[in-house]
Amino acid sequence: MTEDKNLFKKIGWSIYKYFLTLISLFRTNIRDYGMFIALIVIFIVFGYMTDWIFLGAFNFTNLLNQSAYVAVLAVGMTLVIVTRQIDLSVGFIGAFLGAYVVVAVETGGQSVLVALLGALVLTVIVGIAKGYFIAKVKVPSFVVTLAGMFIFKGLLMFKTGNRTISTTNDFFIQVGTGYLPTIEIGEYDLVTLIIGGFIIVFAIMSEILKINKNRKLNIPCEKIELIITKLVMITAVTGYLTYVFSSNKGISYLLLITVAVVVIYHFMTTQTTLGRRIYAVGGNPEAAELSGINVELILIIVFISMGMLAMISGVMYVSRLENASPKHGPFWELYAIAAAFIGGTSAAGGVGKVVNAVVGAIVIMSLKNGMALAGIDANIEPIILGVVLLLAVVFDLYTRNVNPVDLVGIHFAKKQYKEEFAVGKSNFAKAKTELKIAKKEDRKDLIDFEYKYTNAQGAFNKIKDKIRMSVEADFIKKNI
Amino acid sequence: MKRFLVALLVLTVISGLFLGCGERKSSKIKIGVVLPDASEERWANQDGAFFKEELTVLGEGYEFEILFSEGDESKEKQNVEALIAKGAKIIIITSQGSGASAVAAAHAEDVMIIAHDRMAKSSSDVADYYTTFNSWNVGKAMGKHLVDAAKAAGSTSANPSDLAIFAGRVADWPNATYFFGGAFEELQPNLDMFNIVNQDAASFKSLPFITEATFDDAAKDALQAAMQPIDTDWNPETAGIKAAGVVAQISKTSDNVFVLAPNDDTSAAIRLEFAKMQTPYNGYYTTGQDASNVTLASLMGDILTGKGTQTMTVFKDVSKLVKDSVSIAKNVVDGVDGLTGLTSGPSIDGAQTAYSPIDTLLATNPQLTYDTIFATGYKSEAHADFDNIDFAPYK
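Just so you know, the protein sequences line up as chains A and B, in that order.
Quick note: the first sequence uses the working numbering, first residue 1, plus one each step.
Quick note: the second sequence uses the working numbering, first residue 1001, plus one each step.
No lab work stands behind these hints: they were computed from the structure.
Check the hints yourself; a few may be wrong.
BS3-like, lysine-lysine: derived pairs with alpha carbons at most 25 Å apart [claimed, not checked]: (1) Lys353/A to Lys230/A; (2) Lys249/A to Lys1030/B; (3) Lys10/A to Lys415/A; (4) Lys1220/B to Lys327/A.
Please take these sequences and the hints and turn them into a complete structure.
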């Protein structure tokens, strides 16, 4: 009988420990996970309001296609904001470059490749010019890019001759509205299923390899519960997306381009020295300069990269709408900036993940998409967008100084230090009341009481901190 | 304090979502409507209101949804996709740009498109139906008014009068081009009794004689090329800038001036610029369109200083256009031919077109204005804009 009880206890304890670990991970990394929670909340709210059409395959695919151009801009904008700059010109630059490619192909008769190369050359020149003014001449990026916004608005009107130019070339049609070639089995697309399955297998394998590597090198690896949870989540999300895409039309080229951009930029920012240097320049430009990083060059590179992403975004936009027009361009940069901030990029610089900015872009587009589906008055939409942005930034500020927390360790520590904690608490309470009485009676040796109060408070805080800082590892060794 | 603020913000978001939702209607719809801009008078208060009225009357089995694109073409495509996701069989759209992406998105899902007042087409595809007023005739009415008024004022080839020409937004195809083309059909044979005061008069004189029947791609290119420098973008501010440019280089040759203004709003802005001249013209004759309140007031005899003093406007009864669009939509949902029971005409760009009638209102005939607008209750005599008018003689 006692054996069964022990078994139950063990199982119960494992489950309890699992949840504690999960919650501590969540609290520690709340900056990262906060916006995923927001996304899930938005999905559920709009799903409910639209009888679940919102989460259906057709609308979900449309949602991702609609967010594609904002997501690409948000990736570039994250790096710009990380380096403590801002770029207000990306809207009209993107629209101009999109129009440049369309005009070159449609009326100029150039091949798509030549037109794209031409646009790329223009982008690099513009990026160098912007970076030069901002880094070398030290004009604030706000002013330089604001000037750029006006200049490119005019150039856009010139380029399009003030009329809309329809796209007829197959390239634009494919990029804007085309999907990867599909093979149908039943109602589902085989190609998408294969890709989805492949991603899941890849994720699991890479985790296993990482665990093995860490074990070999004797690096403490993440707790096993977390790894399993992460894998389950990744499998669930990828599985759902695979289902959504395979039952609709497959993977669109817009999505493919976005994913490619995000993968490249994620790799660049987390695994290359260039990425590290960008974050260093953003976190502390003076220290970066003194450590030998060429801050000016980094800034120029960041603005060139922003320009290239603006070009990609512009081409995606004109392809999706099947025409280039002088009316395109306004507000793109504002959506990109909002997406970057909702994705947790810090306004003070040095902090910001590219993948999260994409999630931010999806959050913004889900709001717009969901409100259109639910038939909400168009006038309320920008109000809601603004409030969500404000919430995101406020959230970012309040969670800036979050200490890592380990609830399992705290659980053990509370048990171990129970007496010390109780003693400290009662001492503190006693000193507090004594001080209050002494103040009322206005005694001459008031200062003694104040000393006692401060000492008791200090001791109590010490115990509290000891408990708060305890980590599971401290206790595992002891419990052996 | 912190928590209170956060809670307040979250509450605002959620309440905004639910407030804006309105009545909880069923999510599935049959008919979708996409209008360009909720902040423009026409789409919010005229077409938008009429659509709501007409579609609500249809009742059960014809569920509908009206969405606005807020001047953003990307939002327009989003709206079309949302309507399709909700099950719309047919979408009525007044496109923001060229409407190409909307047509493509709808046809990819076998949903029909009715272009309402503005054509929606891409390079390879076009809307299924198009409802419009006969824009060419609107233009002809404008041109005819200028020619008649000039003749009445004693203008001849020996004694030409000054003529200033402006056009609407070239990108608004086919409307602006048809207005201009129709006006020029009337003006071109009589150009010798006018002295064109625009900067590049020669470009207008070199236009050939074009009628609706002979309108082809070459004619379209020629007309649009002439319209480019005088493109007012349907925007009073832009019209004012263009007019100021013309006024700055005018050398008057006559006492009267005749102005081809594309609509009422631009006409008022152009009038303001002409009024700023050192020695303004004695006689000012101008065209317009839309029958705005200010114009109606001046046609009924009220000269509002500084506002558009117009001698003519074209009244397009938007409610009739909306009725046409709704009828086509109902026909399609019922499974019969779209144009059953409507006045059809030559198809434009390959879309089956239904035409609505227009009325020409002149300053010289206030009785007609009264009968068409006020007697039918289209606009109310009690409105503040008509305070200076005495309606008694017309009743």
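Against the structure, the hints come out as follows:
For the hint pairing Lys353/A with Lys230/A, the CA-to-CA distance comes to about 18 Å; that is within 25 Å, so the pair holds. Under the criterion of a C-alpha separation no larger than 25 Å, the hint pairing Lys249/A with Lys1030/B is consistent with the structure, at around 23 Å. At most 25 Å may separate the alpha-carbon atoms for a hinted pair to count; Lys10/A and Lys415/A meet this at roughly 17 Å. The hinted pair formed by Lys1220/B and Lys327/A meets the criterion: a straight-line CA distance of about 22 Å does not exceed 25 Å.
When each numbered hint is compared with the structure, no violation occurs for any of them.
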